[in-house]
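S.K.: The chain contents come next:
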Amino acid sequence: MSQPLYMAAVFFPLLGAFIAGLFGRKIGDRGSQIVTCGGVLVAAALSIKIFVDVALHGEIHAFTLAPWIQSGTFTVNWGLQFDTLTAVMLIVVNGVSSMVHVYSVGYMGHDKSIPRFMSYLSLFTFFMLMLVTSDNLLQMFFGWEGVGLASYLLINFWYEKESANNAAIKAFLVNRVGDFGFALGIFGCFLIFGSVQFADMFHKAPDLANLSFLFLGHTLPALTTVCLLLFIGAMGKSAQLGLHTWLPDAMEGPTPVSALIHAATMVTAGVFMVARLSPMFEYAPMALMVVTLVGALTAIVAGSIGLTQFDIKRVIAYSTMSQLGYMFFAAGVSAYSAAIFHLMTHAFFKALLFLGAGSVIHAFSGEQDMRKMGGIWRKIPITYAYMWIGSLALAGIGLDGVFGMAGFYSKDMILESAAASSHWFGHLAYWLGVIVAFMTAFYSWRLLILTFHGRPRADAHTMEHVHESPWIMLGPLVPLAIGAIFAGWYADDWFVGAARSNFWNGSIFVLAQDNTIDKAHFIPEWEKWLPMGFALPGIIFAYVFYTLKPDLPGKVAKACGGLYRLVYHKYYFDELYDFLFVRMASRLGRIFWVGGDDGIIDGYGPNGVAALTGRIAKYIGALQTGYVYHYAFAMVIGVAAFVTWFWFRS
Amino acid sequence: MNFTSLYTAFPEISLAVFAMLMLIYGVVRGERSAQTVGIASFVAVLSIMIFVLKLGFIYSPGFPKLHISAGCYGCYAFDYMFIDDAFARFVKVILLCGSALSIILSWTYLKKENLSHPEYPILILFATLGMLLMVSANDLLALYVGLELQSLSLYVLAAYNRDNAKSSESGLKYFVLGALSSGLLLYGISLIYGYTGVTKFTSLSKLFIDMHQPPIGVLFGLVFICAGLAFKVSAVPFHMWTPDVYEGAPTPVTAFFAAAPKVAALAVLARLLIVPFGSLAHQWGQIIVFISVASMLLGSFAGLVQSSIKRLMAYSSIANVGYALVGIIVGGTAGMQALLIYVAIYFINTLGVFAVILSLRRKGKSLDRIVDFSGLAKTNPLLALTMVIFMFSLAGVPPLAGFFGKYFIFLAAVKAGMMPLAIIGVLTSVVSAYYYLRIIKLMYFDDGINIFDPLPEFGLRIVLAISALYMIVFTIWPAPIIDQALIAAHSLTGG
Amino acid sequence: MLQAFIFYMFATVLVASAVMVVASRNPVHAVLFLILCFFNAAGLFLLMGAEFIAFILVIVYVGAVAVLFLFVVMMLDINFVDLRKGFRRYLPIGLAVGLILLVQLALVVSSWAYNPSSLSNTPILNSPDVDNTRAIGRVLYTTYLYPFQVSGLILLVAMIGAIVLTLRHKPDVRRQRSSQQLDRQIDQVMDVRKIEPGQGVNL
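Chains as they are written, first to last, in this note's numbering: chain A, 1 to 650; chain B, 1 to 495; chain C, 1 to 203.
Just a few of them, taken from the derived set where beta-carbon distance is under 7 Å, the chain C residues facing chain A:
| hint | residue |
| --- | --- |
| 1 | VAL97 |
| 2 | ILE100 |
| 3 | LEU101 |
Simulated from the structure, these hints should not be mistaken for laboratory data.
Note that CB positions come from ideal geometry on N, CA and C, so glycine has one too.
Please build the complete structure, drawing on both the sequences and the hints.
M.R.: Right under this line is the structure:
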């Protein structure tokens with residue numbers, strides 16, 4: 001396939017965004033929907049072709065488009081690189097994005113600024129594509145910031161809502177913390193490698209594994225430090241513990257946005273980045289340990305919060321966070337391919353869940369609280385079926401060697417790799433992961449039961465209006481559902497099975513002693529069965545809690561008391577941050593503002609100077625009397641002054 | 001003298017002949033001919049501009065060939081009183097362009113104010129001719145006659161609306177003070193002539209290079225000449241006529257004043273100070289530094305309290321002359337190039353502003369108070385946007401042309417080690433940014449009467465479009481002007 | 001000796017009458033003093049052997065300009081006392097500035113030395129058999145053609161300006177049109193009618 005087609009897969013969404021964004025009023029709602037959907041659908045079709053060429057036939061393509069920055073020894077070009085990792089991401093990004101685009105046509109059908117929405121969606125897609133196709137860190141950063149921007153715009157899409165404003169600002173600010181780490185990481189890379197081009201960096205990484213540098217009197221291992229800085233960036237974007245507080249709030253955006261950005265694609269950028277930089281991380285075992293621990297902790301913390309929440313989208317959001325934790329600890333135990341595998345399957349079933357949840361919310365006329373739902377599974381059977389498929393895939397239900405949902409293959413691979421790890425943190429991650437598997441199953445079925453079963457808890461008026469969504473919304477879910485069912489079964493062999501070294505074709509690097517995926521085939525049998533053994537009880541518990549004995553949840557909550565409150569309030573992260581950073585910063589800011597800026601800088605600076613300026617201006621104005629002889633006199637005095645000046649000088 | 005002179009001065013001669021033909025035509029046909037004369041003058045000025053441009057291409061395939069010292073064959077005419085070098089051509093294109101645009105700028109206004117007479121374009125033609133002669137002058141005498149031809153036409157133009165007391169007053173003021181300045185200039189010329197016996201620029205240049213210390217009489221002469229020309233460019237302290245004349249003269253005349261004569265006078269001042277008095281730079285430098293700094297300061301500060309947009313533009317022009325003079329102070333090829341780029345941007349920017357002012361009418365009455373701009377963005381967003389472009393450009397906001405004008409000037413100053421000048425320039429730009437931005441604020445954020453007449457006819461629209469586009473296109477494609485300015489600067493400094 | 005005496009006489013009268021132009025209260029007197037100034041200046045030029053300029057001065061400035069001034073001053077009703085209101089107020093500072101300039105210029109001129117080489121720069125040959133009227137005539141249309149022609153244009157503009165600013169067409173003023181008068185035939189303007197007494201006539 002030729003270069004223009006590769007570029008089309010990246011730039012068509014930009015074109016769509018451009019047209020819909022700038023000429024949205026001209027071409028109308030329908031026009032902008034057609035343009036953006038068309039652009040992304042074509043890009044998705046091309047992505048499949050690229051996947052076949054690159055991943056299956058082993059072609060690797062790299063194009064340099066234009067020089068970007070050249071300063072001294074620092075050179076960066078705009079370049080695109082297509083290897084297997086990129087090709088997988090292309091499928092995920094363009095595939096999910098195109099489905100979400102089409103879905104949005106229905107979901108946002110009554111919104112008043114459709115062109116803006118479609119344009120943002122396409123713009124996001126483009127930035128995400130820039131991120132995954134980049135052949136250097138800086139361009140990746142460009143995409144990274146671009147998706148952050150698009151995320152901000154889309155969370156804040158209903159900008160009349162104050163909560164949306166706050167959520168958008170929060171997402172942006174928290175991400176800035178991560179981005180700061182990322183930026184420092186890029187500087188560090190340039191410092192130690194002298195380049196930010198992936199090829200150069202990876203080439204030099206093995207030699208520089210033991211390099212160290214001095215910082216404030218401490219000797220720091222260079223590669224580890226850089227990897228950790230970059231990982232901070234990944235933590236921000238992928239909502240890992242500590243920098244995760246923005247993700248649940250980001251659910252203020254329209255549901256398709258949550259599905260596309262905050263579940264399937266953008267939040268996985270961090271995982272992608274770690275996988276992309278695997279040749280560096282492999283030489284920084286300390287960094288890998290941190291990645292594993294953060295991932296595992298995130299998985300369990302998010303999973304536990306998910307148990308207690310009532311907002312349907314927030315439950316799925318915490319689930320996303322927890323699954324991202326899985327991916328990170330997979331990467332941390334060097335099972336990058338398993339992480340990407342899970343990234344891919346997760347994109348399908350999580351997008352499906354979100355879009356299905358959107359359909360439910362649609363049916364309930366905008367209601368998101370699960371306590372006010374229930375009893376509608378007969379009325380919206382298709383959505384119900386979708387949610388079942390999504391939940392089954394998320395919980396990773398399947399029978400080894402026979403068939404499993406998408407999540408079964410990828411999640412089991414992750415857990416097995418963790419179990420096979422030779423490090424202590426791998427085993428810790430395994431056990432945490434198994435517990436999370438239980439939680440996942442529990443909250444998934446809790447969600448299903450609360451939403452669809454039981455007695456209707458919504459008011460009569462809402463119940464009358466419950467209706468199945470139109471096919472423009474249900475249609476795009478079909479490919480996602482198919483993916484959620486079959487993707488794991490079909491792709492298992494490529495990603496983590498026997499064909500994997502041909503499939504990855506060098507785009508992921510693993511040191512021989514850390515090859516956990518190989519070792520995963522030799523772990524004890526019970527370790528393989530344990531996750532399933534924990535997931536099924538999760539389903540049963542949910543059934544017991546929410547169908548057989550509906551008063552049980554309240555009793556348990558009361559019995560656990562403090563623990564329940566801690567979890568219900570999301571471990572008080574928001575409150576802690578508010579106290580530590582927000583209020584401190586605002587107090588400090590007030591001191592600088594009132595004392596420093598208003599008092600000193602403005603007082604003597606702008607305001608003082610402005611007042612002085614006004615006085616001077618008036619004084620000069622008074623010179624302009626309007627009498628011609630005054631003017632003439634001024635001229636003569638001027639000449640006389642100049643002449644006198646020369647007289648005394650010579 | 002021989003017939004090559006006629007060829008060398010062909011643009012000027014044809015302009016003179018054309019103006020006189022138009023005069024005859026106008027006299028014969030009477031008032032009815034106003035429109036025809038206007039259109040014909042516009043076409044003629046434009047054709048001559050194209051001719052001058054073409055001359056430039058013939059003569060300057062590459063600037064190394066344009067050294068004056070390397071023999072500027074075919075450049076001199078009329079016994080070396082007239083010079084046609086790249087510098088003159090560059091400025092002439094600006095002047096002719098400014099005049100042409102001024103002519104079309106005036107059509108609606110004159111018609112609406114009942115001032116449409118054939119004499120108007122003819123006077124513009126003569127003023128333009130005078131300016132062309134000025135910038136081509138290679139002799140103090142030629143300079144003086146060119147200057148007088150220009151000035152006399154301008155005096156009449158300022159008082160053109162003779163039934164309006166303000167217009168007559170401004171014409172009279174301009175005339176009286178202009179006569180005084182001409183007297184100073186002439187006195188300076190006579191001092192120079194008395195002490196050297198020559199009036200040709202090239203001879204003077206040679207004489208001063210050989211001279212170790214010039215006699216003080218020459219310096220006095222220089223002071224008087226500088227004073228006379230400083231009046232024409234309206235630099236402090238010879239600026240006081242400017243606000244009154246700008247305010248009183250009919251608006252299209254003011255537009256013309258602000259665009260063309262200023263450029264011509266700056267060019268003449270530059271040529272005079274660089275060519276004949278180039279070796280006395282450390283002498284005149286002190287005067288020009290004072291004039292420049294004073295102009296920048298006064299123009300920026302006094303503009304703050306103005307209420308009439310025309311007076312505001314007067315102070316703005318004073319400040320801008322201050323910046324342009326920095327280019328002369330820096331001197332050398334870099335300074336001259338910066339000066340030329342500056343004027344090439346400034347003249348069209350200011351024409352654009354006046355086009356906006358001329359477009360601003362309420363029930364047929366023209367508006368000239370600054371507060372009249374209030375709420376323009378709501379009634380006429382396009383016009384407001386155009387004004388924003390001009391104001392941002394004048395204020396020197398980066399992506400627009402005006403920024404580059406100032407940038408080159410200050411860059412040249414910094415490179416020449418004149419840091420204080422550059423700093424004063426930047427600071428005063430900040431001060432003057434206040435009054436430019438204030439207009440934008442009025443247009444977009446304040447509520448006014450909100451009734452404006454619809455956008456005017458063709459002529460004004462063309463000027464608006466051309467000047468606004470120019471402000472933007474320069475950013476993208478500045479090379480032609482920067483290159484030509486370099487060639488022109490080389491031809492003057494011989495570097 | 002005699003030449004010096006005549007020079008000082010002309011010079012003294014010139015300066016004195018110039019002062020009087022500014023100082024005299026009666027504007028008509030001022031103009032008359034101006035004329036006296038011109039005459040004395042012409043005398044000075046004559047002394048220098050520049051008879052052409054001397055006579056031009058008399059013919060143009062005295063004969064035309066100053067007389068025109070006189071007419072204007074006498075015809076316009078200008079209250080000169082009003083115009084001179086600020087005179088006293090500005091007199092001290094004006095005098096001071098003027099004096100400074102005068103002293104400086106005087107000092108400069110006193111240090112002036114005639115540069116013999118400058119003579120060779122002038123295009124007019126200083127030969128005894130060509131009088132200066134002829135010499136000026138020779139260069140005016142050759143070397144100085146350019147400023148001469150442009151001066152012509154300046155005068156043209158001055159004329160246009162004067163007409164533009166002052167000429168007014170008054171439609172209600174009847175003018176004499178000689179060509180019309182001459183072209184007219186009797187029958188176009190005259191009609192002979194017989195009128196019966198007491199009947200009247202319809203015109």
